[in-house]
Amino acid sequence: ASPIIEQAKADCVIGEQADGYLGVVAGAAASDELRREVRAINQQRRAAYERLAERNGVTVEVTAKLAARQLIDRAPSGHCVRDDSGAWIRK
Amino acid sequence: CTTVRLEGGDKPIEVNLNVKIDQEVRVKLDREIEDLIAENPDIF
Amino acid sequence: RGAARFATGRLDFTPAGLQPAALAPVLKGIVGTTTGALAGDIDFAWGPAPEDARSAAAFELFDLTFRGPGVAVSQTAGLTGKIALSSLIPLATAEPQTVSIRRIDIGALPLEDGVVRFALPGDETLRVIEAEFPWFGGRVGAYDAAASLSGGAAFIPLQANEIDLKLVLEFADVDGLSGEGRLNGVLPIRFEGGRARIEGGEFVSAGPGAVRYAGPAAESASAAGEQANVAFSILRDLRYESLRVLVDGPLDGRLNFRMTFEGSGAVPVNEQFVRAPVIYRINLDAALLDLLNQAVLSSDVRRQIELGRQSGQEARDRRE
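So the sequences go chain by chain: A, B and C. My numbering numbers the first residue of the first sequence as 1 and each following residue consecutively. My numbering numbers the first residue of the second sequence as 1 and each following residue consecutively. My numbering numbers the first residue of the third sequence as 1 and each following residue consecutively.
Keep in mind that a hint or two might mislead.
[Said to hold, decoys possible] Computed spacing ranges between beta-carbons, pair by pair:
{"hint": "1", "chain 1": "B", "residue 1": "ASN18", "chain 2": "C", "residue 2": "ALA223", "range": "15 to 23 Å"}
{"hint": "2", "chain 1": "C", "residue 1": "GLY2", "chain 2": "A", "residue 2": "ILE4", "range": "12 to 20 Å"}
{"hint": "3", "chain 1": "A", "residue 1": "SER85", "chain 2": "C", "residue 2": "SER86", "range": "42 to 50 Å"}
{"hint": "4", "chain 1": "B", "residue 1": "ASN16", "chain 2": "C", "residue 2": "ASP123", "range": "44 to 52 Å"}
{"hint": "5", "chain 1": "A", "residue 1": "ILE4", "chain 2": "C", "residue 2": "GLU130", "range": "35 to 43 Å"}
{"hint": "6", "chain 1": "A", "residue 1": "SER77", "chain 2": "C", "residue 2": "GLY47", "range": "57 to 65 Å"}
{"hint": "7", "chain 1": "B", "residue 1": "GLU34", "chain 2": "C", "residue 2": "ALA223", "range": "42 to 50 Å"}
[Stated by the list, open to error] With a straight-line Cα cutoff of 27 Å, these simulated BS3-like cross-link-like pairs (lysine-lysine) come out:
{"hint": "8", "chain 1": "A", "residue 1": "LYS91", "chain 2": "A", "residue 2": "LYS65"}
{"hint": "9", "chain 1": "A", "residue 1": "LYS65", "chain 2": "B", "residue 2": "LYS28"}
{"hint": "10", "chain 1": "B", "residue 1": "LYS20", "chain 2": "C", "residue 2": "LYS166"}
{"hint": "11", "chain 1": "B", "residue 1": "LYS20", "chain 2": "A", "residue 2": "LYS65"}
Hints are computed from structural coordinates only; laboratory data are not their basis. Here a beta-carbon is modelled for each residue, glycine too, at the ideal position from N, C-alpha and C.
Let the hints inform the model, and build the full structure from the sequences given.
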């Protein structure tokens, strides 16, 4: 993703959530520009999940959560991720 | 025996039908997601 | 003191070309890939004092179609009409505006051919005065609902009126399922974190009706034991005096439907059928998507049937 996103991930300002979308870490200061980037990325992820869900006859939610598992596993240490209960954890 | 006498004033029969449609998530989906993530680095 | 008018001319949005976020960066991630066109006149006025600075605009939308708004709404298609803004900063309208929408997809809930009357009070909120769509022979709509323009969260209580059960069951397209009746209800939708959920959806019958199921599950029921046999024989022609349906769940995931019929059904008694009063509850857990393309009551569905009497003990004594 764009440098602004990669930097924000590395700094634990944003991170992967258990629902398959990017989120702003609780309490982190995120600029308007960063928030817009995150919104735009989540919109495109949702479109991708919808196409995949349609093709496999499952719900968007199931597809998004499966993607989240892979994205969270893949997040390097030092990045923050959010679990099902909503708590942010630094890997 | 299971004969059921139903007089007019009898209590209504109660039926509880629970229907749950399970989606078996195919392994294929997991692999497709891996490809999706790999092919779209700009959003993942 | 001065004033100027800026005519945009017709702006055509194309996926690879002009996009709204280029005109107004604040729209990035709210309005996604857009097609259709927009034309407008923007008026600026200024003067010695800061409050003399004013802006207004009149836009015409030509079949505007875009991903969003936001993440929860998959697409808004065919937005057409004229909008007059009394101020651009903050975004405000002097009186209600009306636009038509060809289709809006909130996850798996598509609404088509609607008309929306709205206002922008200028406090960063959108006031939906009336947004109504034809739905299953009746109509569904939002009336006097408010949503914040900036934040993602909103709570929109949709109301459904004069819904025709016959059309709903035809749409569900379940093999062997038919019925008739009229329903009214509410579908409260909460938008949060990019997802839309129905919270406390409830439909209530307006007058008597009936549901009839003679599909595959009914045929295989007699082999599946006495309980299934009774349950499905009643369902062959379940006439109800009252029907209540509760609906809850995410629109992009699995919905839970809890239906309660109070009426009568035919019960097998010594090789013949007797019509008896019944209270028939169906608890259905399915994705809206599944409901549409899978037989809900098909035989291979894992189902669990409980058959009881309102006062089980009393009935059992009578039987011994």
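Status of each hint after checking the structure:
1. ASN18(B) <-> ALA223(C): 15 to 23 Å: holds (20 Å)
2. GLY2(C) <-> ILE4(A): 12 to 20 Å: Since GLY2(C) and ILE4(A) have Cβ atoms about 39 Å apart, the given range 12 to 20 Å is violated.
3. SER85(A) <-> SER86(C): 42 to 50 Å: holds (45 Å)
4. ASN16(B) <-> ASP123(C): 44 to 52 Å: The hinted range 44 to 52 Å holds for ASN16(B) and ASP123(C), with Cβ atoms some 49 Å apart.
5. ILE4(A) <-> GLU130(C): 35 to 43 Å: Hint holds: Cβ distance 41 Å, inside 35 to 43 Å.
6. SER77(A) <-> GLY47(C): 57 to 65 Å: holds (59 Å)
7. GLU34(B) <-> ALA223(C): 42 to 50 Å: Cβ of GLU34(B) to Cβ of ALA223(C): about 43 Å, so the range 42 to 50 Å holds.
8. LYS91(A) <-> LYS65(A): Holds, because 19 Å separates the two Cα atoms, which is no more than 27 Å.
9. LYS65(A) <-> LYS28(B): Roughly 15 Å between the alpha carbons, so the hint for LYS65(A) and LYS28(B) holds.
10. LYS20(B) <-> LYS166(C): holds (23 Å)
11. LYS20(B) <-> LYS65(A): holds (20 Å)
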